[in-house]
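**Student:** Here is how the chains run, residue by residue.
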Amino acid sequence: MTTEDLKAFEDKIYAFVGREVCPPTPAKDAVNGAMIRQWAEVIGDTNPAYTDDTWAATSSRGQTIAPPAMMYVWGQEGFAVTTGRAPDAQSELVNLFNEHGYSGVLGTNVKQEYFKETSPGDTVVMAMTIDNISERKTTGRGPGYFFETLATFTNQHGEKIGTQRFKVLKFIPQEQPAAAASEETLQVPTRIASPRGHDNKWWWEACDAGKVLIQRCKNCQTLRHPPRPMCGECQSMEWDSIESTLEGEILSHTQIHHPKIPGYQYPLICAVIKLAEGTNFMANVVGCEPSDVHIGMKVKGVVEQVDEKTMLPQFYPA
Amino acid sequence: MVANVKDKAVIVGIGNTKFSKDSGVSELSLAVQAVKAAIDDAGLKPSDIDGMATFTMDTNDEIEVARALGVGELTFYGRSHYGGGAATSCLHQATMAVATGMAETVVVYRALNGRSGHRFSGGVSGDITTADAIHWGWYMPYGLLTPASWVAMFTQRWMHNTGVTKDALFEVAHSTRVYGANNPAAFFYGREFDRAEYDAARMIADPLQLFDCCQESDGGSAVIVTTPERARDLKQPGVSVRGVAQCAAENQEQMTSFYREEFAGIPEMETAAKNVYEMSGLRADDIDAAVIYDAFSPIVLWQLEAWGFCGFGESGDFVKDGALRTDGRLPTNTHGGQLSEAYIHGVNGIVEATRLVRGTSVNQPAKTVNHALVTSGVGIPTGGAILGRMD
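Residue numbers (this note's numbering), protein chains in the order written: chain A, 111 to 428; chain B, 461 to 851.
It is worth saying that the hints were derived from the structure and are not from the lab.
Keep in mind the model is a prediction, meaning the values are calculated, not measured.
It is possible that some hints are incorrect.
Said to hold, decoys possible - No more than 30 Å apart at the CA atoms, straight line, and that leaves these computed lysine-lysine pairs for DSSO-like:
no., chain 1, residue 1, chain 2, residue 2
1, A, Lys321, A, Lys410
2, A, Lys277, A, Lys328
3, B, Lys468, A, Lys226
4, B, Lys505, B, Lys734
5, A, Lys321, A, Lys138
6, A, Lys122, A, Lys138
7, A, Lys221, B, Lys468
8, A, Lys370, A, Lys328
9, B, Lys780, A, Lys384
10, B, Lys481, A, Lys247
11, B, Lys626, B, Lys468
12, B, Lys780, A, Lys370
13, A, Lys384, A, Lys410
14, B, Lys695, B, Lys734
15, A, Lys419, A, Lys408
16, B, Lys734, A, Lys370
17, B, Lys780, B, Lys468
18, A, Lys408, B, Lys626
Unchecked claim - Covered, in the sense of this in silico footprint (three residues per stretch, anywhere, with C-beta under 8 Å from a C-beta of chain A), are these stretches of chain B:
no., segment
19, 468-478
20, 570-584
21, 591-605
22, 716-723
Where a beta carbon is used, it is the ideal one built from N, C-alpha and C, also for glycine.
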């Protein structure tokens, strides 16, 4: 393709920016409990706010709501899509890409924003435009363009309930090296492990074996954590350890929002816990809503495998 | 008994580089620019410098800085550990060197590409087995990795114990940003900021939100310290070190002193404050303005309590009464602080405290500033200094 050809092609595709894909169109069915239940089952979302009428009646909303992430579901075509769909600006754009060799397609990301909830009986109205098209990019899949549609959702009263941006890469497929594809193994990141040296290796090895130990001075019996080579009370270097019951009470806590580090599960709560044995200990609190964690909360720990490589004490509400 | 070095060392030069998010130059380049600016400010020559003090975290070796600048012989070089806790510790080192005659003219410097290079917010990780790495190892696997998260853990407990609310954190964040908006060198120069923006900003680690956190910055700062005799011959009015102290308290950890009987407090700063007051013969009432280390908004509040400007748990009301403002009881972080000027590990704070005593801050209070406090980072071994006009 010459520079002039490329320019002519780009002029054509960029002319799609701002074009309407569909005018405001009400969903064929109103928001309803049956579809919500099926969606929640498939996703595995057991939030009673979506499916439990009795529970919802006592909630602050007074009724069930649709999962916000279902916003786009209500307007999706049903079985009719198998017999082809009516042409629109998006399909015209896709055809144009295909005709010029950009036949590869990869949905790269979806971003939804929510402004208002919907409940059974509401009608979701969707309008969509082609919002933007990137410059020509060199990607691992081949050269191509990212285009993004913007869907805007309103309810039957014309109130905005949300938006969805859907980004797609249209690219010229490249021959992928076969060997690279087959040898590729999925590397799942794990938590950053503590380095292990003379003073702490024994503790982490016990943790690997499912136990939390507390170092104890052999001379004066004082417990200490984190482990250190000498007793601060009597300066003895002789020590042994006891196993913690992992019963404790939260002294302080924080929920880590940013930055999110690969290998950690969020929401992530860190808390300083006073153990029943008397030493303080920093660990994660799990098994409850972040908003339920509070100073003075009683917790009980258990050493668990938290990823492929890591055993860690995790504390649950007692 | 406190060793007395009162008024035995004088700040005679200050210098900052431009602050940016991407300096495009090496940290060594920033260091020598900052030191050169301080030397020029003092009316000295590089060859007048015979001592250097910086942070253990600084990557710029004293001898590299010396060669780049054309400084000759160095008879004193000392480094201070513990991140931002080293800010006034470097001044402490310089003061001791000058007071004892180990050196005559010492430059304190710190330069970092803290945004374009290694970012503290990226968190710690341990590739090497030092005592320090083992210490972080008690927190890394759980995801407590960043300065914000460590400070958040103290803040949550302190707010619980004292009943101080986000209103006070906002006042710290807002007062410094109003100062920063008026400082052409600050990231917040000319920028509007209000409660709605503060509240709407993303959560970093409960209860700290984006605007409770300082500016990750590229830049350098330096101050020159010399003897009172030498200072009298120099260009600028001398700013004397009335008192300076450092302290690591019992059961101290770096940012994670969670093992004390009560950890809603900073006993290391209380001791440093007591010793600085004793050395200088001054009290909180004598301090007219302050530069209080503000990597995060709540730590300013704890320090107001540690330095006795108010009682424990009273800092919230103290700041909400406008104490930190330019016409308040204690105009604080008048350069915009590290929350809104730049985060140069507290050394830009020593520069500003010097300006306050000289009377040359861009937000100089109307009242006479006889004494300005400047402090180091907290949660770590820390310290502070009181600066005053040279007699």
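**Student:** Which numbered hints does this structure break?
**Tutor:** As far as the earlier hints go, 2, 3, 4, 5, 6, 7, 8, 9, 11, 12, 14, 16, 17 and 19 are violated by this structure, in ascending order.
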